[in-house]
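Colleague: Sequence:
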Amino acid sequence: MADNPDACLPAPLRDFVFDLHDSSRRSMIEKEQKVLYKCTLGELSGKYFSHGPWPSAEAIASECGGDGLFLALYNEFTARHLHAVSRSRPSCRDRLAGWEVYTTLFDVLLSEGSDGLLIIPEWAFDIMHEFVYQFQGFCQYRTSSSDKRKEEDWELLRQNQDAWTVSKVMFYLHSFMEAASSLPENIDASSGKMGIKNLGIFAAVALSRLECLLADYTSCLDVLEMDIVKNSLDDGAIGEVFQAKISLAYHAGVAFLMLNRYKDAISVLEDICSEIQRATKSGQLAELVGSDQQQFQKQFDRMLALLAILVNICPASTVLLDGRNRDSVGYLVRDKFGSQLLKIDGGEEGYDSLFGFACPKFIDPAVPDYSKNLPAGLNLQTYNLQILQFINEMEKQRSLKNLHSYMKLYTSIGVEKLASFNDCSEVSECVSQLLSLKNKMLQREGTDNSVHSALDIHYFGESENIYIDEAQTEKRFEGFFLSRISHSRDIQKAIADLVID
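Residue numbers (the numbering used here): 46 to 546.
Do not take every clue at face value.
[What the hints assert, rightly or not] In silico DMTMM-like cross-links for lysine to aspartate or glutamate, where the CA-CA straight-line distance does not exceed 20 Å:
#1 Lys446 - Glu393
#2 Lys83 - Asp542
#3 Lys485 - Glu438
#4 Lys441 - Asp493
#5 Lys76 - Asp542
#6 Lys538 - Asp280
#7 Lys76 - Glu197
#8 Lys446 - Asp414
#9 Lys485 - Asp501
#10 Lys462 - Glu438
#11 Lys381 - Glu320
#12 Lys213 - Asp272
#13 Lys417 - Asp280
#14 Lys446 - Glu461
Bear in mind the hints are in silico, worked out from the structure with no lab data behind them. Nothing here was measured: the structure is a model prediction, and the numbers come from that model.
Using the sequences provided together with the hints, build the complete structure.
Modeller: What follows is the structure, given as structure tokens:
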């Protein structure tokens, strides 16, 4: 069976295919599909196909009555499995085959409409997440160095220039979002419309990721304001898939940082990291993130690295690098990246390595000219450009950060004295920096985009002096109560899931 997986199908596999088809196309019982997709699928993959492909769609067609839509879904998750277990990098032919798998599935889904299909949120997220992941991989592949590519691969790329184009990827994501938006808000799983509804919701999550990869940060944040996303958070479909919440928060955090909206970035990242901390303490983390613990930990570390940058550049940060409270997010940031922050504060380089680790692998969606040799490093051009943009902004802020630290020591100080502290050759240069600091720390916040200062001090100039006062801090308790409410909801959900004999 290892050489020919289609020759003999194990009985558990036939039963699985039959039951999964039944749950998605006939009975549409969500609980049954959750067990099949989240548990049985992994067990069968580990037992029979841990290093190889699942049987072909033709081999199992009789178990689902030759249902074309289900066979397209089967092709997608078996191709995803093979992509995950393969020890070698996907070839050009493999990448183009992946495009054919998704276009076939999406064309069938969109042409048949929204009736007669149940896909649970976890399954819908996996489909859309993998779709954008493979697009990202293909963009990096087609712009990689020409020297390492075979002539056969060149010919395949020239013949399939329409494959994995950003316009078609965007078309599919927006089409699912539009189809889902046209459906009623509260629909039952048995209605047969939950398949398209969930696919549309997680197409929006995938779109936020894609816009961030393309460095269109405003569009990335616009996705968060869409009704299809806002109505699905917390108790909705996105709230059921922890990886989706992490994806939204991470890419929103990157977008806020690159748009110089530091307080919003801190708020988003601190909330999700606190939720991860609670899940870790309660022992629910393995259940929430599934078997891919290593990838999850890497993503968590990236968010902590982003917070380390933000804490260092935003004076009004709410994250305290507390070495005593081991349960705080600030403790984790300090524990993992404290040494790098000390080097940065000491005048050494460090932002580039932190951001290079924390940021996503940005991509260039343009199709290159395959008739010419591609220069080395073309696949990293967009990534390097975004890092350079970030470093340039940090360099501008370095002297302003020093200026801020001096002002925190005084309630009033002469401009000339402040200029000498900050190594300004002229007083006018110091005045320019004072104005620049105040201007750069005026940032948009919240959904209403109202402008507030990210400084923890107020200052103004009169005559030859600068007068400084600490920003008035209001005691805010809503964060505590919201965290307790969220913790209580997690406990109630855990109790509800208990099986009592």
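Colleague: Please verify whether Lys213 and Asp272 have alpha carbons no more than 20 Å apart.
Modeller: 23 Å, violated
Colleague: Straight-line Cα separation of Lys446 and Glu461 no greater than 20 Å?
Modeller: Roughly 18 Å separates the two Cα atoms, so the pair holds.
Colleague: Lys538 and Asp280 were given as a pair; does the straight-line alpha-carbon distance stay at or below 20 Å?
Modeller: OK: Lys538 and Asp280 at ~11 Å, within 20 Å.
Colleague: Taken at face value, is the distance from the CA of Glu438 to the CA of Lys462 at most 20 Å?
Modeller: 26 Å, violated
Colleague: Verify the proposed pairing of Lys446 with Asp414, using a straight-line Cα cut of 20 Å.
Modeller: With a Cα-Cα distance of about 45 Å, the restraint between Lys446 and Asp414 is violated, given a limit of 20 Å.
Colleague: Check the hint pairing Lys76 with Glu197 against an upper bound of 20 Å on the C-alpha distance.
Modeller: Violated, at roughly 47 Å.
Colleague: Between Lys83 and Asp542, does the CA-CA distance stay at or below 20 Å?
Modeller: This hinted pair holds, its Cα atoms lying about 15 Å apart.
Colleague: Please work out if Lys485 and Asp501 have their alpha carbons no farther apart than 20 Å.
Modeller: 13 Å, holds
Colleague: When you check the alpha-carbon spacing of Lys76 and Asp542, does it fall within 20 Å?
Modeller: 11 Å, holds
Colleague: Is the hinted pair Lys381 and Glu320 satisfied, with a Cα-Cα distance of at most 20 Å?
Modeller: Holds, at about 18 Å.
Colleague: Against the 20 Å threshold, does the CA-CA distance of Lys485 and Glu438 hold or violate the hint?
Modeller: Answer holds: Lys485 to Glu438 is near 10 Å, not above 20 Å.
Colleague: Are the Cα positions of Lys417 and Asp280 separated by 20 Å at most?
Modeller: Violated, at roughly 52 Å.
When the structure is compared with the earlier hints, violations turn up for hints 4, 7, 8, 10, 12, 13 and for no others.
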